[in-house]
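*Asks:* Here are the chains, one letter per residue:
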Amino acid sequence: MPRSLAGDLTDPEMAQPYMKKDDDDDEEIEYSPFFGIEKGAVLQEARAFHDPQLDARRCSQVITKLLYLLNQGETFTKVEATEVFFAVTKLFQSKDAGLRRLVYLMIKELSPSSDEVIIVTSSLMKDMNSKTDMYRANAIRVLCRIIDGTLLTQIERYLKQAIVDKNPVVASAALVSGIHLLQANPEIVKRWSKEVQEAVQSRAALVQFHGLCLLHQIRQNDRLAVSKMVSGLTKGSVRSPLAQCLLIRYTSQVIRESSMNTQNGDRPFFDYLESCLRHKSEMVILEAARKIAEMDVTSRELAPAITVLQLFLTSSKPVLRFAAVRTLNKVAMTRPLAVTNCNVDLESLVSDQNRSIATLAITTLLKTGNESSVDRLMKQITNFMSDIADEFKIVVVEAIRALCLKFPLKYRSMMNFLSNSLREEGSFEYKKAIVDSIVTLISEIPDAKETGLLYLCEFIEDCEFTYLSSQILHLLGNEGPRTSDPSRYIRYIYNRVILENANVRASAVSTLAKFGALVDTLKPRIFVLLRRCLFDTDDEVRDRATLYLQTLDGEVALGNTEKDVNEFLFGSFDVPLANLEASLRTYEPSEEPFDISFVSREVKPQPLQEKKGPGKKQLAGAPSPATVSAVDAYQKMLSSIPEFSGFGRLFKSSESVELTEAETEYSVNVVKHIYKGHIVLQYNCTNTIPEQLLENVIVYVDATDAEEFSEVCSKHLRSLPYDSPGQIFVAFEKPENVPATGKFSNVLKFIVKEVDTSTGEVDEDGVEDEYHIEDLEIVSADYMLRVAVSNFRNAWENMDPESERVDEYGLGVRESLAEAVSAVISILGMQPCEGTEVVPKNARSHTCLLSGVFIGDVKVLVRLSFGLSGPKEVAMKLAVRSDDPEVSDKIHEIVASG
Amino acid sequence: MESCPSVKNILVLDSEGKRVAVKYYSDDWPSLSSKQAFEKSVFAKTHKTSARTEAEIVMFDSYIVVYKFIQDLHFFVTGGDDENELILASVLQGFSEAVDHLLRNKVHKKAALENLDLIFLCLDEIVDGGIVLETDAKAIVEKLSGHGLEGSGSITEQTISNALATAREHFARSIFS
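One line per chain: the protein sequences are A and B, in this order. For the first sequence, the residue numbers in my numbering are -2 to 895. For the second sequence, the residue numbers in my numbering are 76 to 252.
Note that these hints are calculated values from the structure, not bench results. None of these values were measured; they are calculated from a predicted model. By construction, the Cβ of each residue, glycine as well, lies at the ideal position given by its N, Cα and C atoms. Hints may contain errors.
Listed next, the in silico DSS-like pairs over lysine-lysine satisfying Cα-Cα at most 27 Å (straight line) [as the list claims (entries may be wrong)]: (1) B/115 x A/429; (2) A/36 x B/115; (3) B/184 x A/36; (4) A/36 x B/93; (5) B/93 x B/184.
Some chain A residues judged to face chain B by a derived CB distance under 8 Å, without partners named [what the hints assert, rightly or not]: (6) 29; (7) 31; (8) 34; (9) 64; (10) 66; (11) 169; (12) 173; (13) 284; (14) 308; (15) 313; (16) 316; (17) 320; (18) 853.
Covered stretches of chain A, going by a simulated chain B footprint (3 or more residues, C-beta under 8 Å) [as the list claims (entries may be wrong)]: (19) 67 to 77; (20) 671 to 679; (21) 839 to 845.
Same shape as in the complex, but just chain A (with noise of 0.2 Å):
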């Protein structure tokens, strides 16, 4: 249809008839030109294109018909394409410019294999070279799209040459091309950096931009040459926005990584970013303004950028509102001070049309507002909540919650809210996101606790949610029976019983045992409930009744004291799931029972998952169930060999640790097995030469660098043929339950013999022969066991203070806090708690919660907390509690020699 391509489009003459044809069409609603379109039909059309006499309107007709398809979702066949493809490139031999355009269009979509690209190659080289710019400009883009390495050579030289192009579409077209191609071929696009340099200076605005987005890239990894590249363009003249815009995010950067390596805090180009808050430009204001406020900045330096972002809050564009609001809810998590002068412009976003900007700013509010303005908020949040979605909700109750932990002193207004807001209707997110901010709030603010608890009885009178039902029933559970009146939550919880499902039923009657477990008074009563629940039409519910009645009345010998009944009820069922379940799997009926305490109560360390876009969320999966039976299969290895059977329970296994290069003759690596009073060194030994045979395979452990460690006894390999690896054990004693540390250096010894690779046959004498392989350590994070426990901060407190051992340390400059973070929780191998060894960026403070079982099967918690003293110089308070306050030392110990 070049009808439209090939006309002056303010002629009323070629718009005629096609428009009237529109005026008759009106009352078809359903009209499409693509209606009841067909692949196999259109492609039967797409013959056209080989006809001797081409008629170029038909043609291009085809051609949207066939792009059509492909955008709503259809696919060729590779046949199919393949034919298209070939079709295509007949229709070279037409002027038409219009359908010309369709053609590199539909060879774009088309994505051609290596062999066809070189069919159309030569006429796309022709276009590139024509005297008409649209064609030079399109064939570019197209040839680079389609092209690979070794034709790329062959055309640079016109690539370079289109680069300086005078004509400016010619121009940015190579090199926005350029920019794709430099993830392939870098080498080659690297070689055009002069005529890039040159086009980073043109007139025209657009190719500025280009030029100097592909610069960038081409020098992104030289510092200086970028630094270089920003001095020159801050003082010279940019000439589009969005050439400035880059310029800014280039020059924010060079700030941010000179700052890095400068310990004066001198920023070389902070002046060129103030004054673009007064460019004329919106776009530029915008950008500089938030490279501005993302800055480690003094206020006097950050205010001029608040002051343009609260402009923008009373712009008529929704988009700019949106901007402005957005930059100072960020600033505002860091710095609420700085924004407290936009309250005003704020507060009057609440009712913005856009529910985005007025989430934001209800949330940046409460953010940036005092103490006393903390009344007013809520009421003007509760008329606000009606009428936003449920996500935006969430952000809300978020937000609140923070609030409160900042104002404890306003907790009844919030929590007010906040049990409001459970009456309404709303999703399982948005109550639970209320749920959770109650129980945060109910634990950190004890004033705050009985009235939070009464809100959750009241929601679970008539709460769909069985998850959200089950979880406060259990924190009722803990926290109730400790209130001034524990009687008043009883009614709740067994109507429960009464009326809900039997997940629910099974909580229920659980939490009614822990009340009948501490409250005395509340004894006799609570048995009552319990034996009614004895008829429950549930299985689970029976069961869960009869054992709590026989264990609080101590029939059931659980233990003696009432000690252990509350261990029982109250303990923190402490061996992972997955760990359980994999053991269960493996476990075979037979005379001896199974056994909890031999499960691993190792959690397997899971790779953080980095935030990437939601294409790749599934993809970061969920930890391979083959690691953590890795345990229970070392366990039932090393007990079947006699001498390591009488060392009693395996304690806890390593990774693996090479001991040798990649690629070299011999790949061992080893496992540390540790057990109550002994080591156990496994040698993981691959023979990786097919013409040889080895025999009599030992290690030999020089252990003089590990006092405390005295080798006991050892296994060795008799023969490791090429490619089948094998296990060579030598096992220590040391002192029982001490973690004892030491550096072991290994030689590999063995008998040589060559093979034949051709015949198998195998030469009778050997050769003695020794190979170095690397030393291994035993060191203190080996005795402990990665342990997590579910609630810190319950499991911190019904630890004996007493055995709480406090330091402080002063770690020197460290690259930044999270790193230091990182450091010491390997250094002491234990499992972080509660998401806590997550940094958040422009954190000056970081308290981080570790948990583990150290050898003797002590537990241990640790609170760690970091500090920022002066540039980078990190100081770290350790307090640790444990079962054994020796352990508790031990730990300190640890952390002063690590």
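Model the placement of chain B on the given structure of chain A, informed by the hints.
*Replies:* What follows is chain B alone, placed relative to chain A:
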């Protein structure tokens, strides 16, 4: 790439959320179903708002989407959540204005479908592989209208024959459909 402003997709949907023309520049949505799911949620989140006089904006799932409605056509431009909103807005404006020109101020679904080739070419001219090529509507229209092609003499000739051909085509279509 991270420092270069980038567009993740441009969508034109109709008033029921159906595709008119879409172009994805990012592999955040690798499959057809993920693309359709994105379009569905964009449409669901925006169709009740009014984005007629000024472009509107919404943020979800770490994407920023600026959008504008003209008649029964909904135009969307998506970027990452660290993108400058105003750059995305300028792309949206350039695109919707160019379409407005190309459809001679009669922007609606039917006209868009009848001139779908122009819409596709317009998408091709405004963004290349995520990088903004041109945001000035006039410049885009000029590129598509053949300004800068071979001598202007042949154009008038072509125009008339094209006009006739178009009329013929429409006639033929109305018979066969």
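*Asks:* Indicate, hint by hint, whether the structure satisfies it.
*Replies:* Tested hints:
no., hint, in the structure
1, B/115 x A/429, "holds (26 Å)"
2, A/36 x B/115, "holds (25 Å)"
3, B/184 x A/36, "holds (22 Å)"
4, A/36 x B/93, "holds (19 Å)"
5, B/93 x B/184, "holds (11 Å)"
6, 29, "holds (5 Å)"
7, 31, "holds (6 Å)"
8, 34, "violated (10 Å)"
9, 64, "holds (5 Å)"
10, 66, "violated (11 Å)"
11, 169, "holds (6 Å)"
12, 173, "holds (5 Å)"
13, 284, "holds (5 Å)"
14, 308, "violated (14 Å)"
15, 313, "holds (7 Å)"
16, 316, "holds (5 Å)"
17, 320, "holds (4 Å)"
18, 853, "violated (47 Å)"
19, 67 to 77, "holds (count 3)"
20, 671 to 679, "violated (count 0)"
21, 839 to 845, "violated (count 0)"
Comparing the model with each earlier hint shows violations of hints 8, 10, 14, 18, 20, 21; every other hint is respected.
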